[in-house]
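There are 2 protein chains.
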Amino acid sequence: MKAIIHALNKAFESRVRLGIMSVLAVNDALDFNSLKEYLELTDGNLASHLKALEKEELIGINKTFIGRKPNTSYFITKAGRKAFEEHLAALESLIRSQK
Amino acid sequence: MKAIIHALNKAFESRVRLGIMSVLAVNDALDFNSLKEYLELTDGNLASHLKALEKEELIGINKTFIGRKPNTSYFITKAGRKAFEEHLAALESLIRSQK
Chain A
1 MKAIIHALNK AFESRVRLGI MSVLAVNDAL DFNSLKEYLE LTDGNLASHL KALEKEELIG
61 INKTFIGRKP NTSYFITKAG RKAFEEHLAA LESLIRSQK
Chain B
1 MKAIIHALNK AFESRVRLGI MSVLAVNDAL DFNSLKEYLE LTDGNLASHL KALEKEELIG
61 INKTFIGRKP NTSYFITKAG RKAFEEHLAA LESLIRSQK
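First to last, the protein sequences are chains A and B. In terms of full-length UniProt numbering, the first sequence opens at residue 1 and continues consecutively. In terms of full-length UniProt numbering, the second sequence opens at residue 1 and continues consecutively.
These aren't lab readings, by the way, just hints derived from the structure by calculation. Any given hint might turn out to be false.
[Said to hold, decoys possible] Restricting the straight-line Cα-Cα distance to at most 25 Å, the calculated cross-link-like pairs of lysine to aspartate or glutamate (DMTMM-like) are:
1) A/K69 with A/E85
2) A/K99 with B/D43
3) A/K78 with B/E57
4) A/K51 with A/D28
[As the list claims (entries may be wrong)] A few chain A residues that don't get close to chain B, going by computed Cβ distances all over 10 Å:
5) H6
6) E13
7) S22
8) A25
9) Y38
10) E40
11) D43
12) G44
13) A47
14) S48
15) K51
16) E57
17) I66
18) N71
19) L88
20) S97
Heads up, the beta-carbon is just placed ideally off N, CA and C, and yes, glycines get one too.
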């Protein structure tokens, strides 16, 4: 059990972060409003978790323009995908240990 | 995805709590030192999480004596087992959504 717990990644401890990573893992990129809608979160809640994930380089940001309007989209980084897959694998072994 | 994220239980949002519940779910009761050893935690870290789980009645405490020495052991409550199983089921569907 020790090994399983220590294999879990502190960066993904919150439901919101699990949600962000899960959604970005199956989409090339999503903008703020799509993420907000997808996960039913407040602006502040989503923004703070995105900032933390970006700081750890688990997600990246693309700043582009749609017409004249600035558009920011988020994507999962290679390191982020690897870390998230390892986290899910640890969760899976934790779940298996309960069966 | 929304439903999965909201089905995750905030009380289990830390690796330590997942560890405590996982270990207590497969043991009748464990005392503080056994939990500490099992999960390789500091006294303070373990104590604060146990207190929070107990406050939400997800775990319970037994105070007995072994010889003359007081012994405190922790066990998972019925409500705790149900909440934890629901949490694991939500994690499982999150993992499946990634496959």
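(message) Run the distance test for A/K78 versus B/E57: straight-line Cα separation, threshold 25 Å.
(response) violated (40 Å)
(request) Confirm or reject the statement that A/G44 sits farther than 10 Å, beta carbon to beta carbon, from all of chain B. (result) The claim stands: A/G44 keeps its Cβ more than 10 Å from every Cβ of chain B (closest is about 17 Å).
(message) Using Cβ atoms and 10 Å as the threshold, tell me whether A/N71 really stays out of contact range of chain B.
(response) At roughly 22 Å from the nearest Cβ of chain B, A/N71 sits farther out than 10 Å, so the non-interface label holds.
(request) Against chain B, does A/K51 hold up as non-interface, every C-beta pair farther apart than 10 Å? (result) Correct as stated: the minimum Cβ-Cβ distance to chain B is 18 Å, above 10 Å.
(request) Beyond 10 Å from every chain B Cβ: check whether that's true for A/S97. (result) Label violated. Min Cβ-Cβ 6 Å, cutoff 10 Å.
(request) Examine each Cβ of chain B, and state whether all of them lie more than 10 Å from the Cβ of A/E57. (result) holds (20 Å)
(message) Would the non-interface assignment of A/Y38 survive a Cβ cutoff of 10 Å against chain B?
(response) Non-interface label fails for A/Y38: nearest chain B Cβ at 6 Å, not farther than 10 Å.
(request) Please settle this one: A/S22 was flagged as non-interface, so is its CB more than 10 Å from every CB on chain B? (result) violated (6 Å)
(message) Please verify that the nearest CB of chain B lies beyond 10 Å from A/A47's CB.
(response) holds (17 Å)
(request) For the pair we were handed, A/K51 and A/D28, check the Cα-Cα distance against 25 Å. (result) holds (19 Å)
(request) Classify the label on A/I66 as holds or violated, using whether its beta-carbon is more than 10 Å from each beta-carbon of chain B. (result) Non-interface label stands for A/I66: nearest chain B Cβ at 24 Å, farther than 10 Å.
(message) So A/D43 supposedly isn't at the interface. Is its beta-carbon more than 10 Å from every beta-carbon in chain B?
(response) holds (16 Å)
Checked against the numbered hints given earlier, this structure breaks hints 1, 2, 3, 5, 6, 7, 8, 9, 10, 19, 20; the rest are met.
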